[in-house]
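Sequences and hints are given; from them, build the entire structure.
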Amino acid sequence: MKNKIVWLTLCLASFLTATAQNRYFTKTGHIGFYSHTSIEDINAINDQVTSFFDIATGEMVFSVLGRSFQFAKPLMQEHFNENYMESEKFPKASFEGKIADLKTCDFTNSGKYPVKVAGKLTIHGVTKDIEAAGNLTIDKDKITGESVFPINPEDYGIRIPSVVRQNIAESMKVTVQMNYQLYTAKK
Amino acid sequence: MLVGTSIKAQNLNDLLAEESTDGPQPVEALFKATRVINGHSVRQLKKGELDYRISHRFGRVNSGAYEFFGLDQSNVHFSLEYGLLDRLMVGIGRGTYEKTIDAFVRYNIANQQRGKGAFPLTISYLSTIEAIGLKWSDPSRTNYFSSRFSFMQQLLIARKFSKMTIQLMPTFVHRNLVPTEMDQNDLLAIGVAGRYKLANRLALTGEYYYVVRPIPQRTTQKMYNPLSFGFDIETGGHVFQIMLTNSQGMREGGFIGKTTGSWMKGDIHLGFNISRVFTLNSKKK
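Each protein sequence line maps, in turn, to chains A and B. In this text, residue positions in the first sequence follow the numbering used here: the first is 3, and each later residue adds one. In this text, residue positions in the second sequence follow the numbering used here: the first is 1101, and each later residue adds one.
Treat the hints as calculated values from the structure; they're not laboratory data. One or more hints might be untrue.
[As the list claims (entries may be wrong)] List of simulated lysine-lysine pairs, DSS-like, C-alpha gap at most 30 Å:
| hint | chain 1 | residue 1 | chain 2 | residue 2 |
| --- | --- | --- | --- | --- |
| 1 | A | Lys75 | A | Lys114 |
| 2 | A | Lys142 | A | Lys105 |
| 3 | A | Lys94 | B | Lys1147 |
| 4 | A | Lys130 | B | Lys1146 |
| 5 | A | Lys75 | B | Lys1263 |
| 6 | A | Lys122 | A | Lys105 |
| 7 | B | Lys1297 | A | Lys94 |
| 8 | A | Lys29 | A | Lys114 |
| 9 | B | Lys1235 | A | Lys91 |
| 10 | B | Lys1216 | A | Lys29 |
| 11 | A | Lys75 | A | Lys100 |
| 12 | A | Lys122 | A | Lys29 |
| 13 | B | Lys1216 | A | Lys122 |
| 14 | A | Lys175 | A | Lys91 |
| 15 | A | Lys91 | B | Lys1365 |
| 16 | A | Lys75 | B | Lys1216 |
| 17 | B | Lys1146 | A | Lys94 |
| 18 | A | Lys94 | B | Lys1263 |
| 19 | A | Lys91 | B | Lys1216 |
| 20 | A | Lys175 | B | Lys1216 |
| 21 | A | Lys29 | B | Lys1147 |
[What the hints assert, rightly or not] Not the full set, but computed from the structure, chain A residues with beta-carbon under 8 Å of chain B:
| hint | residue |
| --- | --- |
| 22 | Asp49 |
| 23 | Phe92 |
| 24 | Asn154 |
Glycine included, each C-beta is placed from N, C-alpha and C at the ideal position.
Okay, here's the thing in structure tokens:
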């Protein structure tokens, strides 16, 4: 009888750890973008990105508030939200995707693993399939995800008027850096 | 076991929605420029922003072909305004109308927010001082330097409803010297202003001040309530405002207390404001 209880408890415990320990998350993820033209450089940083990452399935989800992007000039920030992102109508950008080559990552071994992520990126209410290469760095119970990829605003229905066409690059460099921690569900 | 399955059942998107519930976020761009038309808007210059403004009011459109419908005459006002702090801005200006020099301080008390527990209004307090620089009309009598001054205190209360912003301005004007006994030294007024966003860079604006005048006005020079309509056109760091108004003055002492034009009689001035914002001290990142 006693043995049975111990066995059950162990079984339950291992099941719980197996399900609960495959999810990682961050609420302070970092996404930036950079636009370079001969006239001006525009740099924006968002340090309040929420993201979840499931190491068992390779699924990744991101949620980004347009208004949380910080610019050097307050006027740029306002134009970004008012005229380009239309943050009133589309407050959030999101990504839902999967790591394709998850098998190459050994989550029990610390190290840096190159990965490919594919999924659906939604900006300004427009959803597109994208693919990006990146790295996963595993350090015990911390996982860092990094990627750099280009985005063309016009692909997402963001119209740039001819007056400022010279100031805004056609393709922007997006930088993603997520410092994931183990997620423990709230009760 | 049950706990385990309930965790498993929750998918990543549900978790994401749960974790990214946001607190109150500021509502921005209630107005595009620091002035609605003649009067101030709640639009604040942020710390380190310098706004150089040039305003013109032409003559009255009913002045006929000889004055080229008012375009031959022009009143100019220019000013430099600066954000000392994100909530505190100051400005100095010069106008050809009555050869005035003016200055103001404005403090942003509260900001409208959206989301849970959001504050519903943007509120600012504005205090202005103006000095008339004209030569004394009667140099033979004792003229005091203090007689040149007038002051205004105003509360700006605004709320944005998606494309529309409405602003109320309870106002108190004090003038040290007025032309006759029938002109009040102290004026109370309530202003209402609005902006409607027509396109991403184009908005319709309007502004009206109801001036409380408890005593009958003198018949030689009747004063009217200022009423103005305009468009805001935005191009990058510039805001171009074009308007029709019945007042010639571009500062509070001028347009609230001394508007002599009547819309009904066609005493309408065409005018424009140009605002150029420079960021002198950008955030280091």
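Hint check results:
Between Lys75(A) and Lys114(A) the CA atoms are separated by roughly 36 Å; this puts the pair beyond 30 Å, and the hint is violated. The suggested pairing of Lys142(A) with Lys105(A) holds, with an alpha-carbon distance near 18 Å, which does not exceed 30 Å. Between Lys94(A) and Lys1147(B) the CA atoms are separated by roughly 27 Å; this keeps the pair inside 30 Å, and the hint holds. The straight-line distance between the Cα atoms of Lys130(A) and Lys1146(B) is roughly 36 Å, outside the 30 Å bound, and the hint therefore fails.
Our distance criterion of 30 Å between C-alpha atoms is met by Lys75(A) and Lys1263(B), whose separation comes to about 24 Å. Taking the CA atoms of Lys122(A) and Lys105(A), the gap is near 21 Å; set against the 30 Å cutoff, the hint holds. Taking the CA atoms of Lys1297(B) and Lys94(A), the gap is near 22 Å; set against the 30 Å cutoff, the hint holds. For the proposed pair Lys29(A) and Lys114(A), the alpha carbon gap of about 22 Å is at most 30 Å, so the pair holds.
Of the supplied pair hints, the one linking Lys1235(B) and Lys91(A) is violated, its CA atoms being roughly 55 Å apart against a limit of 30 Å. The suggested pairing of Lys1216(B) with Lys29(A) holds, with an alpha-carbon distance near 19 Å, which does not exceed 30 Å. For the hint linking Lys75(A) to Lys100(A), the alpha-carbon distance of about 35 Å lies beyond 30 Å, and the restraint is violated. For the proposed pair Lys122(A) and Lys29(A), the alpha carbon gap of about 20 Å is at most 30 Å, so the pair holds.
Using a Cα cut-off of 30 Å, the hinted pair Lys1216(B) and Lys122(A) holds, with the two alpha carbons roughly 29 Å apart. Proximity of Lys175(A) to Lys91(A) is assessed by CA-CA distance (about 24 Å); at most 30 Å being required, the pair is judged to hold. With a C-alpha separation of about 44 Å, the suggested pair Lys91(A) and Lys1365(B) falls outside the 30 Å cut-off, and the hint is violated. Under the criterion of a C-alpha separation no larger than 30 Å, the hint pairing Lys75(A) with Lys1216(B) is consistent with the structure, at around 28 Å.
Of the supplied pair hints, the one linking Lys1146(B) and Lys94(A) holds, its CA atoms being roughly 25 Å apart against a limit of 30 Å. Of the supplied pair hints, the one linking Lys94(A) and Lys1263(B) holds, its CA atoms being roughly 19 Å apart against a limit of 30 Å. This hinted pair checks out: Lys91(A) and Lys1216(B) have alpha carbons roughly 18 Å apart, not beyond 30 Å. Of the supplied pair hints, the one linking Lys175(A) and Lys1216(B) is violated, its CA atoms being roughly 33 Å apart against a limit of 30 Å.
Straight-line distance between C-alpha atoms of Lys29(A) and Lys1147(B) comes to about 28 Å, which keeps the hinted pair within the 30 Å bound. The interface hint given for Asp49(A) is violated, since its Cβ lies 11 Å from the closest Cβ of chain B, which is over the 8 Å cut-off. At its closest, the beta carbon of Phe92(A) sits 13 Å from a beta carbon of chain B; the interface hint therefore is violated under the 8 Å criterion. The interface hint given for Asn154(A) is broken, as the beta carbon of that residue sits about 19 Å from the closest beta carbon of chain B, more than 8 Å.
When the structure is compared with the earlier hints, violations turn up for hints 1, 4, 9, 11, 15, 20, 22, 23, 24 and for no others.
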